[in-house]
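*Asks:* Read off the chains here:
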Amino acid sequence: MLNAKIPEGPLKEKWTHYKEHAKLVNPANRRKFEIIVVGTGLAGASCAASLAEQGYHVKSFCFQDSARRAHSVAAQGGVNAAKNYKNDGDNVYRMFYDTIKGGDFRSREANVYRLAECSLNLIDQSVAQGVPFAREYGGYLNNRSFGGVQVSRTFYARGQTGQQLLLGAYQALMRQVSVGKVQTFTRHEMLDLVVIDGKAAGIITRDLVTGKIERHAANAVVLATGGYGKIYYLSTLAMGCNGSAIWRAHKKGAFMAATSWIQIHPTSLPQSGSHQSKLTLMSESLRNDGRIWVPSKQGDQRLAVAIPENERDYYLERRYPAFGNLSPRDISSRAAKERIDAGHGVGAMKNAVYLDFSKAIREQGEAKIREKYGNLFRMYQKITGIDAYQEPMMISPAAHFTMGGLWVDYELMTTIPGLFALGEANFADHGANRLGANSLLQASVDGYFIAPYTIPNYLADEINVTRPSTDHPAFEEAEAAVRQQLEKLLAIKGTLSVDHFHKTLGALLYNKCGLSRNAEGLREAIGDIRALKDSFYRDLNVTGDDLLNSELEKAGRVADYFELAELMCLDALSREESCGAHFREEFQTKDGEAVRNDADYCFVSAWEWKGATTEHKLHREQLTFENVKLTVRSYK
Amino acid sequence: MKIHLKIWRQDSTEAKGKFVDYDLSEVDAHMSFLEMLDSLNELLISRNERVIEFDHDCREGICGQCGVMINGRAHGPLDHTTTCQLHMRTFQDGDTILIEPFRAAAFPVLRDLKIDRSAFDRIIQAGGFISANTGQAPEANSIPIAHETAESAFDSAACIGCGACVASCKNASAALFTSAKISHLAQLPQGKIEHRVRVRKMTLQMDAEKFGACSDTEACAVECPQQISISNIARMNREYLVTSLFSI
Ligand SMILES: Cc1cc2nc3c(=O)[nH]c(=O)nc-3n(C[C@H](O)[C@H](O)[C@H](O)COP(=O)(O)OP(=O)(O)OC[C@H]3O[C@@H](n4cnc5c(N)ncnc54)[C@H](O)[C@@H]3O)c2cc1C
Ligand code: FES
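Chains A and B, in that order, give the protein sequences. As numbered in my numbering, the first sequence has no gaps in its residue numbers, which increase by one up to the final residue, 1055. As numbered in my numbering, the second sequence has no gaps in its residue numbers, which increase by one up to the final residue, 727.
Chain A on its own, in the form it takes in the complex (with noise of 0.2 Å):
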């Protein structure tokens, strides 16, 4: 059994004593450490900043060529935090509340708290550093209510909130590197973790520009490496995120956990062909005023505006008709998952669903829905060439955010000494379903409050150690491994790309372990993604050289997907209940709602890596509720 290290106390008390109680380093000392932050997002660039500001030094890590460019840029929406500006009831005990119920009861309470607690900070801080939120005209903050609860917490800067976030936490970063405190390794991939005496010792990194491979030792690593929904390929990730550094961390001891828990958000623009790289996210803000609806009649192939009203399902006011058009993610895109697989999907590839706002445009005035959506239907028109003013939008599920992740205890350190995670890489606080604009917050609640406590509380008692050196045996056998692996790519010499792989991999799991899963489905998965690895590994064409090459950059990251899928697939068969994005099929009600099963799963799945020809073996961390009463999530 797992221990978190949940600190003593009362709920309310857990941090505050924490902190009261956490080791410190004297000034003098912090000089003398190193610290290697892996990830320039929400997460890295706040942790880096703020341990430099403390006076640690710091290396900071990233792949793309800037470390303002990091995923964390492209999130919307907004950010939580329980402010009470409104005056609309909301505390902190409320924000945990929704938190725990939206991830579906199978989050810990301790870290959750934590979170809704910071909340209140991390807006003061984003502020001071000058992100321009929405202001009301008194000049106060505004903000809005966001999926599945009753309160307005999400505080936004227009559609850019990630934007803005992150180029505070990045100035910040900039800030600490013209005072010599961090120092910045741009277009640099990390390859391997190394391991010395059982503890976290430094990196292996590629650069990707002159494609040489480097040693850094360090005192403590932090993986901010994001998440690794783009596992699936089509996604609503940017390309390059990936699942590489958590993974070979774990192949290093670091255990993975709640692998398979993957939210596909229910409003994306659909796949229109074969050629397709990513999708996109439509705000999930346009639930509130459009309707959802399907074609009654299987393959119907009319133009929507020609289908008369009584031949429409609206399929999500017919089944959770207390929540409707804005029932929460999971729920949203099964049941569009359920309607497409059935025939209903509309579409050149019938796999979406309608998002129509013919009535709201009819009630309001096209002049409101204009002010209220504006730059959404226009980016919908520049994507798809089509105005939705005329006919209704087209959307679809896609795979957009990883809750499984490496395995953190409270301080968010992994089962390895002095490796941290941090933000989407860490399973942490969402449970099995995230709430819309809560990992923001976390990513960003991770690297400027938490982190900043812990990091230090575990270099108290390594005053003494020294550094390790780049020239230990350690340091040499993970380098080798690296080349060994890069030259093996490069060698394989086959017909097919690296992309073909990538996408036969993601549709694959899309079908099989995705939405929902059933048991036979995922022991298939298995054996077609053992199958098509040894076809990568015999029919791969990585051309080109080992300096700059985006299609070596690429292999590597699918060749750690197979392994990852293959454990997703082990996760979600092990886990014999329906839970937030975990559906499995043989366990639902009759009317095809999720069955949770509270008496033999209230445990987080931690996963131990064996070896490539061994099984992975669970552990469990039992969740223990003290604070609230598990209840079966309705929206009915």
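Worth flagging that the hints you see were computed from the coordinates, not collected in a lab. Just so we're clear, the structure is a prediction, and the values are computed from it rather than from any experiment. Check each hint, because a few of them may be wrong.
[Stated by the list, open to error] Computed from the model, here is a short list of chain B residues facing chain A with C-beta under 8 Å:
1. D507
2. Q544
3. R675
[Unchecked claim] With a straight-line cut-off of 20 Å between C-alpha atoms, the simulated EDC-like cross-links for lysine to aspartate or glutamate are:
4. K671(A) <-> D1010(A)
5. K495(B) <-> D964(A)
6. K922(A) <-> D595(B)
7. K912(A) <-> E528(B)
8. K631(A) <-> D507(B)
Glycine is no exception: its CB is placed at the ideal position from the N, C-alpha and C atoms.
Starting from the structure of chain A, add chain B with the ligands where the hints point.
*Replies:* The following block gives chain B with the ligands in isolation, referenced to the frame of chain A:
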């Protein structure tokens, strides 16, 4: 549709580059411009050739990583649109498209269409921030900011740092980029405190990076995907003037 491509190929910063011709015969009008390049790369792989290197990540116009010159225009023929947001339906069957990297002394080519824009990071390092350590912040609502001020600061802050402004300017000036950050921060009460030092240091760094001088042609603002206004440059110049007067 059929498309003829002339693409800049260059092995490394030091190597000489040249245009190479490629033909694509099955381009789907719904493809994005970058998906068209993906399909060309698939073709090159099947021919055992090295792929075309180009930068991209989010593919939805916000990360600023993409950006090439398309028929002589930064990000292509549409105003205020990034390369990743451009679709092939903008072109005609049989068109010839010339693709080359953003060119500027401060943006050396790394390989093919990839360039080094780290000069932008160094301009921000010089002063593009508010010095607020984690933990120092007062309660957010203790600094009221007028709605219009916040909106106007946002307009400047929206810059994605793609470099199209530099590439479109005959002097390769970074004035639009630099002034956007200066005016984002200078408009906010939190940012005003440091604005003199900021303006001096950032403009000095801009010059040190081999960006040219701004000669008010306004070409940059036409291409800017985020519609960053030319008025930011005027504000920067004003702030710079005041700063110089005070520092005498
Ligand atoms: C389209 C979209 C919209 C979203 N909207 C919202 C929203 O409105 N509200 C909300 O709360 N959440 C939203 N999310 C989710 C949220 O944006 C992410 O969960 C969050 O930004 C993750 O931040 P992060 O710091 O953990 O990782 P990221 O921002 O993904 O950063 C990862 C970093 O790791 C680096 N990296 C990765 N692998 C390596 C490697 N091997 N070597 C070196 N560096 C590496 C990258 O270069 C990057 O710097 C959205 C997500 C998407 C896809
Ligand atoms: S790829 Fe991000 S802006 Fe174009």
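*Asks:* With reference to the structure, classify each hint as holding or not holding.
*Replies:* Hint check:
1. Given hint, D507(B) at the interface with chain A, holds; its Cβ is 6 Å from that chain's nearest Cβ, closer than 8 Å.
2. Annotation: interface hint on Q544(B) holds; nearest CB of chain A at approximately 5 Å, less than 8 Å.
3. The criterion of a C-beta within 8 Å of any C-beta in chain A is not met by R675(B), whose closest approach is roughly 16 Å, and the hint is violated.
4. At roughly 44 Å between alpha-carbon atoms, K671(A) and D1010(A) are farther apart than 20 Å, so this suggested pair is violated.
5. For the hint pairing K495(B) with D964(A), the CA-to-CA distance comes to about 18 Å; that is within 20 Å, so the pair holds.
6. A distance of roughly 30 Å separates the Cα atoms of K922(A) and D595(B); the hinted pair therefore is violated under the 20 Å criterion.
7. Using a Cα cut-off of 20 Å, the hinted pair K912(A) and E528(B) holds, with the two alpha carbons roughly 12 Å apart.
8. The straight-line distance between the Cα atoms of K631(A) and D507(B) is roughly 38 Å, outside the 20 Å bound, and the hint therefore fails.
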